[in-house]
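Residue numbers (the numbering used here), protein chains in the order written: chain C, 1 to 350; chain Y, 351 to 622.
Honestly, the hints are just simulated from the structure, not real lab data.
Think of the CB as a built atom: it goes at the ideal place given N, C-alpha and C, for glycine as much as any other residue.
Watch out, some of these pointers could steer you wrong.
As the list claims (entries may be wrong) - Computed cross-link-like contacts, SDA-like style, restricted to lysine to any residue with a CA-CA straight-line distance of at most 25 Å:
id : chain 1 : residue 1 : chain 2 : residue 2
1  : C       : K246      : Y       : D511
2  : Y       : K449      : Y       : Y502
3  : Y       : K354      : C       : K339
4  : Y       : K487      : C       : D338
5  : C       : K339      : Y       : D398
6  : Y       : K411      : Y       : L465
7  : Y       : K411      : Y       : Y464
8  : C       : K7        : Y       : I585
What the hints assert, rightly or not - Which residues of chain Y face chain C? A partial, calculated answer using Cβ under 7 Å:
id : residue
9  : L356
10 : N358
11 : R503
12 : Q514
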Amino acid sequence: MGTEKAKFKDEFRQRVYRFALDIIRYVEQLPKEQTSRIISGQLLRSATSIGANVVEAQGASSRKDYTNFFSYSRLKLKNSPVFSSGIFTFYIVILTFNLWFLNFINLWFLNSFGFQTEVFIPISALVGDNVYRKGKVMEWYRGPTLIETLDGVKLSREEKPLRFVVQDIYSVGSERIIVGRVESGLLQKGDEVIFEPSGIKGVIERIIVFDADLEEAGTGDSIGVVIKASGVKRGDVFGLLETPPKPVNEFLGEAVLLDKSMKKGDTLELRCGTAKVACKIKEIKEKINLETGEVMGERSEEIFEHDAATIVFATEPVVVEEFAEIPELGRFVLVKADKNIGAGVVLDAN
Amino acid sequence: MGLKELENKSIYIIREAYAEFDNPAILWSMGKDSTTTLWLCKKAFFGDIPFPVIHIDTGYKFKQMYEFRDEIAAEWGFDLVIAKNEDAIKAGVGPKSGKLECCTKLKTEALIQYLDKRGFDALFLAIRRDEHGIRAKERVFSPRDEAFRWNYRDQPLEMWDQYQTQTQSQSEETVQNHTRVHPILHWRELDVWQYIKREKNIPVNPMYFASNGKRYRSLGCEPCTAPIDSNANTIAAIVEELRTTKVAERSGRAQDKEKAFMMQKLRALGYM
């Protein structure tokens, strides 16, 4: 019993920590509009405070103190999934013993927000049931425990179209290996691909890592590929022929300036993936208050340090994706006088 | 992060630096971190490390470290170069001169002299954020000015995987000398050992394994490095030990602790 308890404590701490990290990663991917900015903040605070409360609880002076901390922690946990609803599947963790109350919550509380949930997890603050293991208190509940649910949560990028960014081309033996990273989707040997903006087409003959050939590579993998085609260069992005990346020379983005200033007509360098292109500030549409997300003025001529704005960028041909679709290629950095001065996301690439 | 994710990210960083800089090199201290980084470079370039491997030799390293160095260099066949501050060694600089002086003269200055000679614009270093408070403040790509100073109060913006790869020599503030690149900054000590366990081909200096109830957890110069109490004599046993230990990794490294902010001062002066 003693060791089981210790194991639980340790496991619980680790998973709460991992949960917080997952949420941070997730929030980074959310669109940065006014509404989601507020939600992001709330979500981040809820998720990260769970861990803090658990740690605090473990140092609590009395049993009552301990359960108080945990209850608060669970309330925060409950908050997190509620706020992320509508964008992904969400889960509700609720502090209850009673099926009737659960149904009531489902009907009243959630419907009033227009939400639907797939899984309700009733947990007990007092005895810990349904957090890590099922207990006797709520035998009517047949669903997964909180831990099982968290373990099942996947933020999958592999269902998205394939995007591979080219970092470099190496000559190894007699072969030319194109190295880079799968930013989204799945790559398989034999795939017909197109590189943009160079427009080169080819078939993937080999997918290689050091000392091994692979049949396929997934999102996040740093790999090398061999194709029969030349002219590919750093900054190119390839995708499948059926779902090709589209190079643009103009897009709408939202950017925040963290250093210096920029004004309409300025030429800067834009970096997205491994691409570096010249870009011109074509139009500064709306200036946004970073704290509140409120629109501070339309059609500004210039923005300064710590300002955010929606901007129309005119660029040399470059592959960008809308942030809501493929976040890895939907974010960019702005460079002025050899210095990274701002960052942004792509709102509309068409 | 899982080991696969850690490795993918490190290889991405190594390839970014190699693509963006003209004349990179890697520092190798023969310890577990820099040997792991060397292995990651091998993987990133499909077998051969395409740049020089620098060992900063203070002359005070353990005998086993020199043996290990020569053995691996011969086996892997990379371009090993040795940076030594001969003048300081002749002038008698050593641990008795004080640790700030000794580390700065024999390590940092040896490196500065060597870099001047070879004109490297990027240096791969195997530091990790969880090793030391001051290292936690680092960027993955971290510029150094002509005096090797690290301006930790005003570091470049590093968003996502967009690093400060461009040198800032034209900018108004500073003249840049080189950029430090940290491919395993995001790893923990435990990750390194788990990775060594998984990869099987990363050579490990025997000093990391316990004998007579003591082992080294972090390797440095002989006069300033002490072993810890341990019975871990295999990689698996080290992984187990690290899961539960409360002892800090660099507890056996004297230069970290002599005075408050010693490491901060050392690093601001260009120390690793």
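Do the hints match the structure? See the list:
1. K246(C) / D511(Y): 22 Å, holds
2. K449(Y) / Y502(Y): 22 Å, holds
3. K354(Y) / K339(C): Between K354(Y) and K339(C) the Cα gap is close to 31 Å, so the pair fails against 25 Å, i.e. violated.
4. K487(Y) / D338(C): Roughly 22 Å separates the two Cα atoms, so the pair holds.
5. K339(C) / D398(Y): 32 Å, violated
6. K411(Y) / L465(Y): 21 Å, holds
7. K411(Y) / Y464(Y): Roughly 19 Å separates the two Cα atoms, so the pair holds.
8. K7(C) / I585(Y): Since the Cα atoms of K7(C) and I585(Y) sit roughly 24 Å apart, the hinted pair holds (cutoff 25 Å).
9. L356: With a closest approach of 11 Å, the L356(Y) hint is violated.
10. N358: 4 Å, holds
11. R503: 14 Å, violated
12. Q514: This interface hint holds because 6 Å falls under the 7 Å limit.
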